[in-house]
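Undergrad: Could you slot chain B onto chain A? The hints should help.
Here is what each chain is made of, one letter per residue.
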Amino acid sequence: MTVFLILIVLGLLVITAWQISKIFQLAKTKKSESYAGVNDSRDNRIQGYLMLTFGILFYGFMIFNFWEYSKLYPPKAASAEGVELDTLFFTTAIVIMLVQVLMQALIFYFSYKYHGRKGLVAKFFPDHDKLEFAWTIIPVIVLAILIVYGLFTWSDIMNVSEEDDDVMVVELYAYQYGWKARYAGDDNTLGKANVRFIEGINSLGVDESDPYSEDDIVVSELHLPVGQKVLFKMRSQDVIHSAYFPLFRAQMNVVPGMVTQYAFTPTITTEEMRKRPYMLDKVETINTYRKKESEKLAAAGDEPLDEYEFDYFVLCNKVCGTSHYNMQMKIIVEEQDEFEEWLAEQPTFGETMEKS
Amino acid sequence: MSATANVMAEGQAEPEHKEHKQSFITKYVFSQDHKIIGKQFMITGMAMAVIGILMSILFRIQIAWPEQSQAIFSMFLGEKWAPDGVMTPDAYLGLVTMHGTIMVFFVMTAGLSGTFSNILIPLQIGARDMASGFINMLSSWLFFISCCIMLSSLFVQGGPPMGGWTVYPPLSAVPEAASGSGTGMALWIIAMVFFIAQSLLGSINYIVTIINMRTKGMTMTRLPLTIWSFLITAIVGILSFPVLLSAALLLLMDHSFGTSFFLSDIYIQGEVLAHEGGSPVLFQHLFWFLGHPEVYIVILPAMGIVSEVLATNARKPIFGYRAMIASLLAIAFLSTLVWGHHMFVSGMNPFLGSVFTFTTLLIAIPSAVKAFNWTTTIWKGNLQLNPAMLFSIGMVSTFISGGLTGIVVGDSTLDIHVHDTYFVIAHFHLVMGISAAFGFFAGIYHWYPKMYGKMMNKTMGYIHFWVTMVGVYGVFFPMHFVGLAGLPRRYYTNSAFPYFDDLIDANILMTVFAIITGAVQLVFLANFFYSMIYGAKAPKNPWKSNTLEWTTPVARIHGNWPGEIPSVYRWAYDYSKLNNDGTDYVIPGQDYIPQNLPQHDNEPEPEI
Numbered sequence: 000m001t002v003f004l005i006l007i008v009l010g011l012l013v014i015t016a017w018q019i020s021k022i023f024q025l026a027k028t029k030k031s032e033s034y035a036g037v038n039d040s041r042d043n044r045i046q047g048y049l050m051l052t053f054g055i056l057f058y059g060f061m062i063f064n065f066w067e068y069s070k071l072y073p074p075k076a077a078s079a080e081g082v083e084l085d086t087l088f089f090t091t092a093i094v095i096m097l098v099q100v101l102m103q104a105l106i107f108y109f110s111y112k113y114h115g116r117k118g119l120v121a122k123f124f125p126d127h128d129k130l131e132f133a134w135t136i137i138p139v140i141v142l143a144i145l146i147v148y149g150l151f152t153w154s155d156i157m158n159v160s161e162e163d164d165d166v167m168v169v170e171l172y173a174y175q176y177g178w179k180a181r182y183a184g185d186d187n188t189l190g191k192a193n194v195r196f197i198e199g200i201n202s203l204g205v206d207e208s209d210p211y212s213e214d215d216i217v218v219s220e221l222h223l224p225v226g227q228k229v230l231f232k233m234r235s236q237d238v239i240h241s242a243y244f245p246l247f248r249a250q251m252n253v254v255p256g257m258v259t260q261y262a263f264t265p266t267i268t269t270e271e272m273r274k275r276p277y278m279l280d281k282v283e284t285i286n287t288y289r290k291k292e293s294e295k296l297a298a299a300g301d302e303p304l305d306e307y308e309f310d311y312f313v314l315c316n317k318v319c320g321t322s323h324y325n326m327q328m329k330i331i332v333e334e335q336d337e338f339e340e341w342l343a344e345q346p347t348f349g350e351t352m353e354k355s
Numbered sequence: 000m001s002a003t004a005n006v007m008a009e010g011q012a013e014p015e016h017k018e019h020k021q022s023f024i025t026k027y028v029f030s031q032d033h034k035i036i037g038k039q040f041m042i043t044g045m046a047m048a049v050i051g052i053l054m055s056i057l058f059r060i061q062i063a064w065p066e067q068s069q070a071i072f073s074m075f076l077g078e079k080w081a082p083d084g085v086m087t088p089d090a091y092l093g094l095v096t097m098h099g100t101i102m103v104f105f106v107m108t109a110g111l112s113g114t115f116s117n118i119l120i121p122l123q124i125g126a127r128d129m130a131s132g133f134i135n136m137l138s139s140w141l142f143f144i145s146c147c148i149m150l151s152s153l154f155v156q157g158g159p160p161m162g163g164w165t166v167y168p169p170l171s172a173v174p175e176a177a178s179g180s181g182t183g184m185a186l187w188i189i190a191m192v193f194f195i196a197q198s199l200l201g202s203i204n205y206i207v208t209i210i211n212m213r214t215k216g217m218t219m220t221r222l223p224l225t226i227w228s229f230l231i232t233a234i235v236g237i238l239s240f241p242v243l244l245s246a247a248l249l250l251l252m253d254h255s256f257g258t259s260f261f262l263s264d265i266y267i268q269g270e271v272l273a274h275e276g277g278s279p280v281l282f283q284h285l286f287w288f289l290g291h292p293e294v295y296i297v298i299l300p301a302m303g304i305v306s307e308v309l310a311t312n313a314r315k316p317i318f319g320y321r322a323m324i325a326s327l328l329a330i331a332f333l334s335t336l337v338w339g340h341h342m343f344v345s346g347m348n349p350f351l352g353s354v355f356t357f358t359t360l361l362i363a364i365p366s367a368v369k370a371f372n373w374t375t376t377i378w379k380g381n382l383q384l385n386p387a388m389l390f391s392i393g394m395v396s397t398f399i400s401g402g403l404t405g406i407v408v409g410d411s412t413l414d415i416h417v418h419d420t421y422f423v424i425a426h427f428h429l430v431m432g433i434s435a436a437f438g439f440f441a442g443i444y445h446w447y448p449k450m451y452g453k454m455m456n457k458t459m460g461y462i463h464f465w466v467t468m469v470g471v472y473g474v475f476f477p478m479h480f481v482g483l484a485g486l487p488r489r490y491y492t493n494s495a496f497p498y499f500d501d502l503i504d505a506n507i508l509m510t511v512f513a514i515i516t517g518a519v520q521l522v523f524l525a526n527f528f529y530s531m532i533y534g535a536k537a538p539k540n541p542w543k544s545n546t547l548e549w550t551t552p553v554a555r556i557h558g559n560w561p562g563e564i565p566s567v568y569r570w571a572y573d574y575s576k577l578n579n580d581g582t583d584y585v586i587p588g589q590d591y592i593p594q595n596l597p598q599h600d601n602e603p604e605p606e607i
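So the sequences go chain by chain: A and B. The numbers in numbering that gives the first Met the number 0 rise by one with no breaks, and the one at position 318 of the first sequence is 317. The numbers in numbering that gives the first Met the number 0 rise by one with no breaks, and the one at position 447 of the second sequence is 446.
Just so you know, the hints here were simulated from the structure itself, not pulled from any lab data. The C-beta atom is built at its ideal place from N, Cα and C for all residues, glycine as well. Keep in mind that a hint or two might mislead.
To be verified - Here are the in silico distance ranges between beta carbons for each label pair:
| id | chain 1 | residue 1 | chain 2 | residue 2 | range |
| --- | --- | --- | --- | --- | --- |
| 1 | B | Ser255 | A | Glu198 | 25 to 31 Å |
| 2 | A | Ala143 | B | Thr218 | 32 to 38 Å |
| 3 | A | Glu198 | B | Phe350 | 37 to 43 Å |
| 4 | A | Ser69 | B | Asp583 | 53 to 59 Å |
| 5 | B | Asp583 | A | Gly59 | 41 to 47 Å |
| 6 | B | Phe29 | A | Ile5 | 17 to 23 Å |
| 7 | B | Met252 | A | Phe132 | 49 to 55 Å |
| 8 | A | Arg44 | B | Asn578 | 27 to 33 Å |
| 9 | A | Ile137 | B | Leu328 | 19 to 25 Å |
| 10 | B | Pro597 | A | Tyr148 | 52 to 58 Å |
What the hints assert, rightly or not - Here are the simulated lysine-lysine pairs, BS3-like style, with alpha carbons at most 25 Å apart:
| id | chain 1 | residue 1 | chain 2 | residue 2 |
| --- | --- | --- | --- | --- |
| 11 | B | Lys26 | A | Lys117 |
| 12 | B | Lys536 | B | Lys26 |
| 13 | B | Lys543 | A | Lys112 |
| 14 | A | Lys117 | B | Lys38 |
| 15 | B | Lys543 | A | Lys117 |
| 16 | B | Lys26 | A | Lys129 |
| 17 | B | Lys543 | A | Lys122 |
| 18 | B | Lys379 | A | Lys112 |
| 19 | A | Lys232 | A | Lys191 |
Excised from the complex, chain A in its bound form (with noise of 0.2 Å):
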């Protein structure tokens, strides 16, 4: 893989190192035909084939960024809404592509077909209406489906109502450099909180005098039952922070002095997505890397790194300061009766405040 890369670095360069000796080797012959600093028609040509030469090139690079990057989108989105974000995903991608890859061909075929030369008369073409109207009302059509059909999955994915009962309400609380959840408990109500009411053990504010908070359940570690959707009710702590789920196609901000929400229903527990194909290979091409790091870091005498093994994650994406690149929280998928019985061994908010 690297030396296809550093093969496909040296081709350029060595291209590059072509076409400057073609052009030293221009600059060397007789006298031009006009000023000197202005092109002549064997610049005209060297440049017209350049860039024929530059269109194909990066044709091959376009595909060859498909075939040795397209792996690097996340597996099959793990949640309900993520998976109509992929379908309209990939939509937009072919819709954009087509495009990209009919226009980049004309704008470099043009370049090298007219490329000025004597006795080449330049079309005197100044408007053309039927023309212009078609190309202005193509990208209207497009569009106008894209749009409908973008806002129709953004209102399948935003418009979450904390009162239909099937929803299960986790505060996702964050703050520098880390990320804490609180389960709402048996009564599905969290209790109020807010920064003014932090301290010791109390980490999250939570006000002790509200009975819905007694039975809340504060975790530093996140876990979901599939196929329940989840709404968070996001807090922070001190600046903004966003919770990025990129295998679960979701993201929203976390801003200090409001709550904001988002909901997902998770589909594939995690046990399922480490044995999925995507994720053998994935996994294996890390350790492979990891391995190569031990060994150098073995030689210096250092700890080797361990192997690494799947999980879900929260990341924080809204530069938060200092550790903003490793603040994240690990999160497991599982089945119902996994997660209740995870949830019956954690100590409740009032357990917690007795205890101290």
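TA: What follows is chain B alone, placed relative to chain A:
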């Protein structure tokens, strides 16, 4: 001074105009001549660009080879920001923030629009100078002061701002939140106040000059597209920059004087702050109300320059002149209605997201029209492939590549996944950064003979173009995929946890291309300064262009034309126009008709 010698269009008799005796100070430093002021913007902008690009190379090296000791880090960052040559996370964030600020505002706004508006407006509309030479001078020096203040933030205790160029509070407003949010942030705000002042002074001048001081016969529909784009850019600037000023001042209040416009309920370093009742989202609204029009302020002048250079060198009229003006107007109008697309996941009401998706995708229509019209302009041309033309064609290519992904990021649903990832970085660098830079280079190569009376070396120009063109796609095309993988921007290292370890090859590839692209800009700089002294003497009209600036003498004179200002009889795009019989060009053997030539007997009636 001689600003009074401006002629107010409509064929007034030419007053006696004498070249004044000028000292070095009045001629080059406190000059009120638009050509010198344009060059001041250009040189200052280029100096800022060198700094901004160098910063990007430094942080690209950190991304490709994370947390490794590099001699280059020790050299530029010193022991404090790179102990033992390893860049600290704070230094990384500072570099990213300053790179964005410098490139967007100081290089692409002032450096591009300031340079070419100043140099070209009086020359292309047929005026002796700007409406107010003094205000113009003020604008140029405020820009310089602004640059100095902004750069000084690099050297204060705590370092430059570290919250990204968008400086969202509370991170930027609370000094405890990041080490750069103290003095560094205060300096950032003060620098921006000066910057906005210079931008407004400049814009007012451009508008007044274009509206009032056109020469006889230069109707609005005969203006070159460069002038149209500068006019619309200036109007957008006047409408949106004051909003940024208010945002900056309110932020300064929150930052330094304890108000709570943007702050509420904050607990930091073991203490609850007294701020109560403000909204961080309000700042985002104010910021992007400028911030989005700002990206069009950046790209519109480049579009104007490219339209002009493409038509001249294709030896063809620009295709759809009126559609080009209409699309400029449509883009400018819509640009003030789309700011919310930066905030789809900011926590604002999802209904607003729907509205902004709609307006955002609408803006793709005039942009598409422009791309199609440029492509048609080079169709069946007689393309003169000089460096300026190559950069213009390159700009059309990068504008399309980058513009298309705008349909992804502008769609509220898709933005959920790509927001603040490298996909966005790839998108706006191609569509705005690289396209504007290509417009800048096209402008420099094209008008250099006008500015310095010398030709630039074309061979070096070709090398500069090709390596840059290969390089920018090498950097930004793979970046889309890295973004789609879910890699967030502004991460100091991508290997703090293993999930993104498999992106390292792509990151190295991008960094290698970035270094090559950065390095080849030295060829441009060398060419620029070498040609100033040793370049071949330029003819009066080297590119056989129609516009008025090429009717002035090669030697720079105060007042632009030695005698009367030429009158205008036609639009700027009569290239390769054949006579009534279709036997030859209108002027036999000459494929262009300058704007100051009257209608020929044997010439078809103009359609416009």
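Undergrad: Hint by hint, work out which the structure violates, then give me just those numbers in ascending order.
TA: 6, 11, 14, 16
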